[in-house]
Structures are given as structure tokens and as C-alpha cells.
Amino acid sequence: MNVENKELAQTVQELQERVDKLEAKNSNLTMVLFSGDFDKVMAAFIIANGALAMGKEVTMFVTFWGLDAIKKPTMGTAGKNILEKMVTMMRPKGPTKLPTSKMNFGGIGPKLFQYMMGKKNVEPLSSLIEMAREFGLRIVACQMSMDVMGIKQEDLIDGVEFGGVAVFLGEAYRSNTTLFV
Amino acid sequence: MNVENKELAQTVQELQERVDKLEAKNSNLTMVLFSGDFDKVMAAFIIANGALAMGKEVTMFVTFWGLDAIKKPTMGTAGKNILEKMVTMMRPKGPTKLPTSKMNFGGIGPKLFQYMMGKKNVEPLSSLIEMAREFGLRIVACQMSMDVMGIKQEDLIDGVEFGGVAVFLGEAYRSNTTLFV
Amino acid sequence: MNVENKELAQTVQELQERVDKLEAKNSNLTMVLFSGDFDKVMAAFIIANGALAMGKEVTMFVTFWGLDAIKKPTMGTAGKNILEKMVTMMRPKGPTKLPTSKMNFGGIGPKLFQYMMGKKNVEPLSSLIEMAREFGLRIVACQMSMDVMGIKQEDLIDGVEFGGVAVFLGEAYRSNTTLFV
Chain A
1 MNVENKELAQ TVQELQERVD KLEAKNSNLT MVLFSGDFDK VMAAFIIANG
51 ALAMGKEVTM FVTFWGLDAI KKPTMGTAGK NILEKMVTMM RPKGPTKLPT
101 SKMNFGGIGP KLFQYMMGKK NVEPLSSLIE MAREFGLRIV ACQMSMDVMG
151 IKQEDLIDGV EFGGVAVFLG EAYRSNTTLF V
Chain B
1 MNVENKELAQ TVQELQERVD KLEAKNSNLT MVLFSGDFDK VMAAFIIANG
51 ALAMGKEVTM FVTFWGLDAI KKPTMGTAGK NILEKMVTMM RPKGPTKLPT
101 SKMNFGGIGP KLFQYMMGKK NVEPLSSLIE MAREFGLRIV ACQMSMDVMG
151 IKQEDLIDGV EFGGVAVFLG EAYRSNTTLF V
Chain C
1 MNVENKELAQ TVQELQERVD KLEAKNSNLT MVLFSGDFDK VMAAFIIANG
51 ALAMGKEVTM FVTFWGLDAI KKPTMGTAGK NILEKMVTMM RPKGPTKLPT
101 SKMNFGGIGP KLFQYMMGKK NVEPLSSLIE MAREFGLRIV ACQMSMDVMG
151 IKQEDLIDGV EFGGVAVFLG EAYRSNTTLF V
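Residue numbers (the working numbering), protein chains in the order written: chain A, 1 to 181; chain B, 1 to 181; chain C, 1 to 181.
Any given hint could turn out to be false.
Repeated chains share a single entry, so a pair holds when one copy, or any two copies, can fit it.
[What the hints assert, rightly or not] Calculated lysine-lysine pairs in the DSS-like style (CA-CA distance at most 30 Å, straight line):
(1) 119 - 152
(2) 56 - 21
(3) 102 - 6
(4) 80 - 119
Note that these hints are calculated values from the structure, not bench results.
Taking the hints into account, I'd like the entire structure generated from these sequences.
Written out as C-alpha cells, the structure reads:
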């Protein structure tokens, strides 16, 4: 191979690596789960499960009200200050307690929806969350939101990672599709 | 052409095809229309019309409350069970009946907005939807949401497709930009 | 260099430029700020600041209720018609007046949050907005929303640009990540 060809071959190889990297984004999906409304959390986990079934790596960055969906039902108020205690008591704890964004009717709405979903063989939200995690969903809880609302690491379901906006952005830039839910 | 050059030329051609595919994403826009609020549906269809005017292919995956925006005003309750009848009666039917997310004032809000929009020559929502469809908007209604809420295919405006989260994800991975509204 | 090699080298150079362009999307983030809720605006500006700190160019297209976040507190009603006056009076003016989407409690919610944020050394929203702008955030206010609600250019904070959906879409197609908040 002459010198010119060698240089060209080198350039082509570099290009291949750069295109590999761009194409690799097709293997990833990133979501911000900001909402803690039952219906939106449902939508987020249906999308997550769909993407996982297609073999994608899915990262969910859970922040603000979204944290309600990954709280342990047993979360308590010990070691929290007065405002943190108040927020802890007033916010739902876990997927079975979330309100719907429409037609909540003081909490009857989510129960009716779960019932209607069951009749059509749609998995309940808690199963969707479990399924997604079994299929490898990566959940990153927003440390800053947790600090502000006095949520401790042990208040959230096990196996969750903790991080900041930089973790989210890092994943978003490795992903073709990023959604804010 | 010698053997080395032939191989290199082959590699370059493959690269071209891969880059073509990556660039083709610039021709597509995908949206999830989750919300059924007048103002958010407006925003979604203004973006859709803008993208269509720029020559892009736009797919809107309509789910949950978003389905209210593409219901026929004549949608009835025949053949539905009691809960489905209730949901049918309580949800708005079509773009002229949607509430706003803020300042709804029991339904006066959307009328005031339509009036203020008319004074500034902004098309009403129903025209925006019609326009988008004439320009080739592809609407895919979420079959699972329809099943759960007892919405039949004939309850939605004509020309809509029906599909699941896999259809949405398929489109999202062909698109540079995907929004959750 | 022979003719075949020259052609190949030319093709490779074109490919490099196309890949450069695709990779350049990694330097940009685009957001639609549709919501005017304190918590969502917070999330948007935390993401914006994070991306700016990572050296990205960030464009925020502010529309509908999102405009509340960039209003001058001194915004008045002079020269507005009766409906525009009404909307002006009823909507919050600036980041310190925004309601939260949950637990607003007639305006006490945001104050409690600011207090809890302060205790954890999280910057207040108004500082986050200022910081983002110092770091080069480009804010484009949606001219159509402004027209409909009777918001004049001088009603918004200084240094904001004005544009339509085409400006947003233009930026989105130069960006790897686009969020609708």
C-alpha cells in the first residue's frame, strides 16, 4: 500500500469509529420522570418496557414528584425536620398511591383505572416497574430533589442509583431519544 | 483499480449509506400527544404544522387524554360497559370541547382563548388539526389506551391508524427530534 | 495520486464534513418551556445550567404559560384591550410569583420550596435564570403566544429574542436533545 492510500485508509477507519458512535445512540433511550401522576408514570414505564423489549438500554432520571413513584410504602419521618415531615406525610408513597392528573376524584380515579386496566389485561403499575427493572432499567434518583424534600436514600426502593443533572445529560447525549415526562 | 483500493472504496460506500441513514432522521419528527389540555394540544399541532411546512414527515402518537382531541363529537356510549360509559360521558369529545390546563374557568377559558386567537388571526385548533392532516400528518392512536377506556376505532376521526408503543418507538428511532407533550 | 484515488479522497472528505455536522448536534440542547409552574421552570433551568456548564449551546423557546417566568415584575396593562388586561392581571409576573404544579396551597407552596431549597444551598429560581443567561442561554419568546395574550416585547426581561415555531424547529434539528417542558 502506498503512502497516500495508507493515509486514506486511516481517515476511513477514523470515520467508521465516529459513525459507530453516532449509531450507538440508537441503542439508548433516556427519560426524565418529573411527574408523579399515576397516568404519566404509567406512560413512562410502558415506553421504558417497550424500549427494553426492543433491546435498548433505558435510563430513567427520576426527579421532583416523580420520586413519589419509587418511594417505599414504609417510608417514615424519623430524622426529618418539620417541613420535611410535612412533605413526607402529604406526598403519596409508591406506585399504588399515586393520583391521576385528571379524574382523580379524591383517589378513586386511580383505583377505577387499575380495575379497567386489569379487565383488559394491562399490567398494574407496580408490575410494570418491577418488569422494567428485571429487564435492566437503570433508575437514577435526583440527589438535589431528594435533599430539598428531605428524602433519604433508604426511603426509595432498593437498587436505585443517585446522581445529578450531569448524569442525566451524559446519558441524553448517548441517546437518540430523550423524553421529559 | 487494485485490490486495496477496491476494498477501501467498498468501505467508503458502506459508510455513505450509514451516514445517509443518520441524516435521514433530519426529515422526521415524532411526538407523543399524552395531554388533552387545549393549550398543550394547540402547541403540539402548531409544532406539527411548522415541521410539515418545512417538509418533514411528522408522526403523532396519541395516547391517554390526548385521545380526547381526536374523538368524533358524535361519539356515543352504545356497546360500552358502565365504567366505559361513565368515562365516555365525562371526557370532552373533540378539539372544540377541550379544557385549558390553566384559567379554564369551567370551560369559559378555551372560548376566550379561541376568541383572542381569532383576533390575532391564529387558526382555531380544529383547523390546525385539519391542516396538519392535509399536509400529511400521520396520527397513530394508542390501542392500549383505547382498550382501557373503552374507546372504539369508530369513535375517533377517520384516517387515524392504530398501534402500540412499538410503533411509536420505531418512529422515534427514525427521528432526530421526539417530544412528549 | 491517480484518478481513482483522487475521487475516493474527495468522497471521504465529503463524508467527514457530513459526520462533523452530525456530531456538532452534541454541542446543542433545545427546550420548549411551555409550563409556567415553579417546579417545572426550576427543572428546565437546572437542566439548562447543567448543559451550559458542560459547554453546550442551549436555546430555550418560551411559549404559553412559560412566558410568565420571563415577565418583568413591573409589567403593566397600558395599551392592552380588556381581555389582555384581564390575562395580564391574573397571570404571575416573573420567577418569584410562579405557582407550583402540586402543593401550591394558594401560593405558600413556592415560598416553602424556596425556603427548603435555600437550606440545602440550591440557588433560587431567579438566580438560576440569571446564571443561565450569563453563561450564554439563548431565550426565544414565542411571538404568537405573546400576540394572543397581549404581551408586548417590553413586558419581558431584556435580552430576549422573539420568534416563531420555525426558529424552535431550526434549533431542534441542530440539537441532539430536545425537551418539551
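- [ ] Kindly indicate which numbered hints from before are broken by the structure, ordering the numbers from low to high.
- [x] Of the numbered hints, just 3 does not hold.
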